[in-house]
Amino acid sequence: MTMDNHLRFRLDLSYDDYLAYYQGVARAVRVRSLDGRVVEFPASALRSFVTHDGVHGVFELTFDAAHKFISLIKAEG
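At position 59 of the sequence shown the residue is numbered 343 (the working numbering), and the sequence of numbers has no breaks.
Any given hint could be a false lead.
[What the hints assert, rightly or not] For lysine to aspartate or glutamate, the following EDC-like pairs were computed, each having C-alpha atoms within a straight-line distance of at most 20 Å:
id, residue 1, residue 2
1, 358, 288
2, 352, 288
3, 358, 296
4, 358, 324
5, 358, 337
6, 358, 344
7, 352, 324
8, 352, 296
9, 358, 348
10, 352, 319
[Unchecked claim] Taking CB as the label site, the calculated pair distances span:
id, residue 1, residue 2, range
11, 294, 353, 14 to 24 Å
12, 307, 349, 16 to 26 Å
13, 300, 350, 30 to 40 Å
14, 299, 349, 33 to 43 Å
Derived by calculation from the structure, the hints in this document are not laboratory data. Only a predicted model underlies this, so the values are computations on that prediction, with no experimental measurement involved. Glycine residues also receive a C-beta, built at the ideal position from the N, C-alpha and C atoms.
Build the full structure now, drawing on both the sequences and the hints.
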């Protein structure tokens with residue numbers, strides 16, 4: 285059986301809300317994917333996507349067979 289190890293989700297996180305993650309108040313981000321799955325990943329994965337407006341867009345998360353985080357990219361479109 286082949287497991288899909290990618291999922292997409294939309295994130296709209298204000299800059300102030302992101303600061304809680306950046307300052308270590310929260311270490312993980314929990315989101316619901318576009319297909320309804322709930323996933324948690326390290327807040328540090330968002331660092332490269334933060335602007336003065338926060339973190340916004342559709343992202344694609346990749347994880348391994350043990351459900352461990354591998355990578356996060358901003359999806360096209």
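Next item on the list: Any hints from earlier that this structure breaks? Give me their numbers in increasing order, please.
Entry: Numbers 8 and 12, in rising order.
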